[in-house]
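Student: Next come the chains, spelled out residue by residue.
2 protein chains.
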Amino acid sequence: MTFKICAIGELIVEFLAKEQNQRFDQTGKFIGPFPGGSPAVFADQVAKLGFSVIFFSCVGKDLFGRMCINRLKKDGVIIDGITSHSKANTGSAFVSYKNSSERDFIFNIPNSACGLLSFNHINENLLQDCNHLHVMGSSLYSFRAIDAMRKALDIIKSKGGTISFDPNLRKEMFDIQEMEQSFDYIMEYTDIFLPSENEVSYFAHSIGESEQQTMQTLLKKGIKHIVVKKGANGASYYGLNEQNKFTMIHVDGLKMHSVDPTGAGDCFDATFVSLMLAGYPVKDALIYANASGALAVSKKGSMEGASTLIELEKVLSRSACHI
Amino acid sequence: MTFKICAIGELIVEFLAKEQNQRFDQTGKFIGPFPGGSPAVFADQVAKLGFSVIFFSCVGKDLFGRMCINRLKKDGVIIDGITSHSKANTGSAFVSYKNSSERDFIFNIPNSACGLLSFNHINENLLQDCNHLHVMGSSLYSFRAIDAMRKALDIIKSKGGTISFDPNLRKEMFDIQEMEQSFDYIMEYTDIFLPSENEVSYFAHSIGESEQQTMQTLLKKGIKHIVVKKGANGASYYGLNEQNKFTMIHVDGLKMHSVDPTGAGDCFDATFVSLMLAGYPVKDALIYANASGALAVSKKGSMEGASTLIELEKVLSRSACHI
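Protein sequences appear in the order of chains A and B. Residue numbering for the first sequence is 180 to 502, as defined by our numbering. Residue numbering for the second sequence is 180 to 502, as defined by our numbering.
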């Protein structure tokens, strides 16, 4: 089964605070730039698995931007949809970890080159053979970016393509009203939904309902596959089987030394979506995606943790999760 | 003699590459955030000398911005002219040194909160008792910023105040056309002109003319005091004495271990301008300014090297340059 995935959104450089609990208002050590941005990490992971993926974004005409583009190109991402602007800088993010899962960010995205991404950048010719669009909630950072995303969504849906959606909510971005408003729209078209555990309540229909209840309602509304990502606790799949019966599959997390969890969800998404499109059984896609997320946390830099299929198989063969 | 200085422009955080020749397109170590921005360092140095200074700028509503404001406030700068914006991030600069004098920058200024600084931010009431404006060329980064600067210039000039101007040219900013165009305008009103040695040729009237020739022409055009800053080689003053005769004074550089030259010119400017306004003889102002620039290079972070009068006197008493 041949397929080509499209991803759109922020391509940025990341700087990681060296110490835990390092403050942004005190001088300290940072390591960077690392190429990053959730949809960019997603695209990189798809390409590293050997599948076809095109990425749309904007960077500044500076060395940070050049680094990002070169990296995606080297890993096999189709970069024809990336524009270099001289009027704005490459976006950036500063990350500081409080503990192995909590982190603080300072994002510079809507006012960076990323913020210039617009409807006109989505070149229909480049989407000709695309049959899947992955949407990161974090990429819906402005009306302009949402407009670009809708254009790609309309083109791909009109050709019978599918959509995956990771809400990727970040408290630092929540003052961007447009983002929240566009979620309902995207959800209507979503085939594969990939929230994190702590995002589930945001999509609940009543207070106090269980994860399973929330997922059942979403499946009834038309979403075909849902995976709730639970970090070190693995992931839970929800779907309807061939008899239209509710199915749930859970995989436990692989034990990994967590160095930098940023990007783990993006790698998980990329592996699950790619393998589903490639025709893998749901359970196998879930197991590989789980391994992909686990490997991603073991390296500093959100894109550094993207893995090849062989690397995923090696990890799985060492663990109890034999395919 | 009481006076109050006004400075306007970029208030940003700086990140310094740890290694010499560190590349911006490779992952490495950075130290930061340091509060910075040329006019901000200028204002901080004026305040540390114990003189009155108000600073106008915009930062983001983020921890980087808070750090910058807190620092200026702690050092005695009047911060009522600084606005915190929620719609943009605090500006930033990444600095990498090639050797002790050459450096590469990646600036994020016009698209940061700094870029929102406009005419309306220059509150006339806050300028009531100001009688001097210092203009940094680097702060003329957009039509909006130039507009703000002109408003302050008009207000201060109309009250009989004076203007100092440091072109502060940076190759990374030279694609901002507005900046160059506004230089002629500012020069017309300049009383104290503070170029660096390598900027002199930019203000020459014919190819190959000497520094002295350039300065004589500028003095004839109405500039009253010129200091050419020469880094480790000290500084040269050009002016007209009471008999309207051309005068030149040179001071040699003080020997200092250079750790981070960014900000040295700003501290030099601040000390020279403050002491001239305070009624010091030209030669003394020059000697103190020279010491101020020398002390500034000995500390990492452009604002970290600002000195008190006592610190300057200590350095001068240790050197041959007795007042």
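Just so you know, the hints here were simulated from the structure itself, not pulled from any lab data. Just so you know, these numbers come straight off a predicted model, no measurement behind them. Every residue gets a Cβ at the ideal spot worked out from N, C-alpha and C, and that includes glycine. Accuracy of the hints is not assured; some may be wrong.
Once the Cα atoms are required to be at most 27 Å apart in a straight line, the calculated DSSO-like pairs of lysine-lysine come out as [as the list claims (entries may be wrong)]:
1) A:Lys197 to B:Lys197
2) B:Lys240 to A:Lys277
3) A:Lys338 to A:Lys240
4) A:Lys240 to B:Lys478
5) A:Lys330 to B:Lys266
Stretches of chain B that chain A covers, calculated by requiring three or more beta carbons in the stretch to come under 8 Å of a beta carbon on chain A [to be verified]:
6) 236 to 248
7) 282 to 291
Here are a few chain A residues that face chain B, going by a calculated C-beta distance under 7 Å [stated by the list, open to error]:
8) Gln201
9) Asp204
10) Lys208
11) Ile210
12) Leu242
13) Met246
14) Asn278
15) Glu281
16) Ile285
Student: A separate judgement is required for each hint: does it hold in the structure or not?
Tutor: Hint-by-hint comparison with the structure:
no., hint, verdict
1, A:Lys197 to B:Lys197, "holds (13 Å)"
2, B:Lys240 to A:Lys277, "holds (21 Å)"
3, A:Lys338 to A:Lys240, "violated (34 Å)"
4, A:Lys240 to B:Lys478, "violated (31 Å)"
5, A:Lys330 to B:Lys266, "holds (26 Å)"
6, 236 to 248, "holds (count 5)"
7, 282 to 291, "holds (count 5)"
8, Gln201, "violated (11 Å)"
9, Asp204, "holds (4 Å)"
10, Lys208, "holds (6 Å)"
11, Ile210, "holds (6 Å)"
12, Leu242, "holds (4 Å)"
13, Met246, "holds (4 Å)"
14, Asn278, "violated (19 Å)"
15, Glu281, "violated (16 Å)"
16, Ile285, "holds (5 Å)"
When the structure is compared with the earlier hints, violations turn up for hints 3, 4, 8, 14 and 15 and for no others.
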